[in-house]
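Each chain, letter by letter, is given below.
2 protein chains.
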Amino acid sequence: MQTLTVDLDTRSYPIHVGPNLLERQELLAPYIGGRQVMIVTNETVAPLYLDKVKAMLPDHMVVSEVILPDGEQHKSLDSASLIWDALLEQGFNRRCTLIALGGGVIGDVTGFAAATYQRGVEFIQIPTTLLSQVDSSVGGKTGINHPRGKNMIGAFWQPRVVLADTATLETLPDREFSAGLAEVIKYGLIYDATFLEYLEARMDDIRAYDASVLTEVIVQSCQIKADVVHEDETEQGVRAILNLGHTFGHAIENALGYGAWLHGEAVSVGMLMAATLSRSLEWLDDDDVSRVKRLLESAGLPVEAPASVDTTRFIELMRLDKKNISDRLRLVLLPALGEARVTEEAPESMIEATIDHFPKR
Amino acid sequence: MQTLTVDLDTRSYPIHVGPNLLERQELLAPYIGGRQVMIVTNETVAPLYLDKVKAMLPDHMVVSEVILPDGEQHKSLDSASLIWDALLEQGFNRRCTLIALGGGVIGDVTGFAAATYQRGVEFIQIPTTLLSQVDSSVGGKTGINHPRGKNMIGAFWQPRVVLADTATLETLPDREFSAGLAEVIKYGLIYDATFLEYLEARMDDIRAYDASVLTEVIVQSCQIKADVVHEDETEQGVRAILNLGHTFGHAIENALGYGAWLHGEAVSVGMLMAATLSRSLEWLDDDDVSRVKRLLESAGLPVEAPASVDTTRFIELMRLDKKNISDRLRLVLLPALGEARVTEEAPESMIEATIDHFPKR
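Sequence order for the protein chains is W and U.
If you use the working numbering, the first sequence closes out at 361, no skipped numbers anywhere.
If you use the working numbering, the second sequence closes out at 361, no skipped numbers anywhere.
Just so you know, the hints here were simulated from the structure itself, not pulled from any lab data.
Just so we're clear, the structure is a prediction, and the values are computed from it rather than from any experiment.
Honestly, I wouldn't trust all of these hints.
[Said to hold, decoys possible] For each label pair, taking beta carbons as the anchor points, the in silico distance ranges come out as:
1) W:51 x U:256: 45 to 55 Å
2) W:311 x U:34: 30 to 40 Å
3) U:353 x W:51: 49 to 59 Å
4) W:3 x U:148: 33 to 43 Å
5) W:344 x U:86: 28 to 38 Å
6) U:11 x W:73: 31 to 41 Å
7) U:11 x W:344: 30 to 40 Å
8) U:256 x W:320: 49 to 59 Å
9) W:51 x U:148: 45 to 55 Å
10) U:200 x W:237: 20 to 30 Å
11) U:61 x W:20: 55 to 65 Å
12) W:73 x U:61: 47 to 57 Å
[Unchecked claim] 20 Å max Cα-Cα, derived SDA-like pairs, lysine to any residue:
13) U:293 x U:280
14) W:150 x U:91
15) U:150 x W:90
The beta carbon of each residue, even a glycine, is placed where N, CA and C say it ideally should be.
Next up, chain W with everything else stripped away, as it sits in the complex:
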């Protein structure tokens, strides 16, 4: 097990990462203040891990659960209401603790319920997907979707502790595991060339669920996110580099309808597009772009864009991206592998050519 301490605002919390953490009572009990615990999970995760988490809790605790249906469409006000209702029906007081057991949807909606129940109660995250382990563990973003937009209602609310059990990743579908790796690769590309090399060298071990390599990968990813967020807590500047590949990726997700491709799959193609565009600006060379492509492929990620989206439509959809302030497209590009910059330097004709010539199928 490795432990990383996230230090934001006035409060810090540990992220414990390693195999079989859900068998270690001592990792959870010290972080629970009152006697009432509500575990929020979903129908997919509950049969796998709910009993394990319950067994981690001391006998004198009142433990209850809310089991939501699985899926992004349940990151909703209705789900938050279900949690509030359950807390109130069972007389949970303001010293209670909510535990989010599941992926990003469960983490976000549970965190939001915790942030707003009786003006804020304790919150613990047990992320069970690679994406949520490397993304939602750091930053304190909680929230729900609104019919008019994702994450439109929410709050910043920090967990008391995060347990990222690498063993839970073995029950994750391959496609979702690879999608999580897209975010991992992103951290290397934007911030840490050494980490990128590590990923290149150990991708086979990662995909074979080697516990110590996975632990290292998750800790490094969380550390990079923590460093970037720490430099820019208010999201005005450098934090935007966390969106590498996202403007391209959102265009793909939007064109195909959300859910057709996993977010990480769209980001994979988006990052390769960003690298290619960085090559056009002569920031990267051909070898750099090939390295990015090989790494994404080795992670089981797509490196070709959907043929059904033509270039004009693609650029239109990129313009919808909220990061665009002026007329020029504002993008995260790579001056070098391991370094990112938010820029409007790429002329539209160059962006167009990049998308036009990008391999499709």
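Use these hints to put chain U onto chain W, whose structure you have.
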């Protein structure tokens, strides 16, 4: 005009108090960052002050409004949703500002919407009732009711500025004005004997809406609340003295059904009961109790309990109060006028006798 600065956590904000503040553009404009402003008010307040507030906003701003129905039953998730929907329909971004124009319900629900829209946007309070001017202006509590309890969903969220215009009190029904005075008198009783004397000396001027006296009264009240909250931001100890009269008062409200008596009316009788009980403990003398009674009467507040609630029922309802941890009733009592203490010293027989002998009608 007087200005009080509230200094909590990492952020401080001014409360401006005085007559006709709603005619002074310069008090609002400096606190609005973006270009989008949403005014939230209700059907009673809108015809009186909405146009005035709109006229305070610079021309280049996009100004919109949500007008809720009047009443405590609209301090609900539905109202918060109406605000979120309006913000999203009109494309309000995370640099927008929400202005709460109205009493406590409007302030609480608007503050909650602001705390949670896109994980938190700017918030300005223009309280138009005496109660909200002296109570909700300080402390940062926002929230909505749930069918199972008041203020069960909410967040701490501080306003950028508060404008308490004493002229708005002249349109307030007499009963509501008096109910607000109950909270004002409470601040004197628990914290400041000099302020109490001031209230005794100037009650006629207060009830005649003398602007400079009202301004002084509101500033002093907010200052006392700020001092008490500052000493105890996490609500573990001394802050509880703000509940003087509330355990008795809640019993009355609960017995008669919420809304039969105004909260301040129930608190008035509750404070006199607390003073009487303090007399039984020999903390106060007869003269002290008479002074409290005369002051409440001069403010137009009730000093007799409802005859329909017998003593046994009264004590039962007091036990429901959330402040009770042990078997003994935990109450805020007065060691002297201008000084309060949370105590379990009063034996139940003494509490019973106090309620039993208390004047009723």
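Hint by hint, here is what the structure shows:
1. W:51 x U:256: 45 to 55 Å: At 48 Å between Cβs, range holds.
2. W:311 x U:34: 30 to 40 Å: At 34 Å between Cβs, range holds.
3. U:353 x W:51: 49 to 59 Å: The hinted range 49 to 59 Å holds for residue 353 of chain U and residue 51 of chain W, with Cβ atoms some 55 Å apart.
4. W:3 x U:148: 33 to 43 Å: 39 Å, holds
5. W:344 x U:86: 28 to 38 Å: 33 Å, holds
6. U:11 x W:73: 31 to 41 Å: 36 Å, holds
7. U:11 x W:344: 30 to 40 Å: 33 Å, holds
8. U:256 x W:320: 49 to 59 Å: 55 Å, holds
9. W:51 x U:148: 45 to 55 Å: This hint is violated: roughly 29 Å between Cβ atoms.
10. U:200 x W:237: 20 to 30 Å: 57 Å, violated
11. U:61 x W:20: 55 to 65 Å: 57 Å, holds
12. W:73 x U:61: 47 to 57 Å: Roughly 36 Å apart at Cβ, these two residues miss the hinted range, so it is violated.
13. U:293 x U:280: 16 Å, holds
14. W:150 x U:91: Holds, because 13 Å separates the two Cα atoms, which is no more than 20 Å.
15. U:150 x W:90: Holds, at roughly 16 Å.
When the structure is compared with the earlier hints, violations turn up for hints 9, 10, 12 and for no others.
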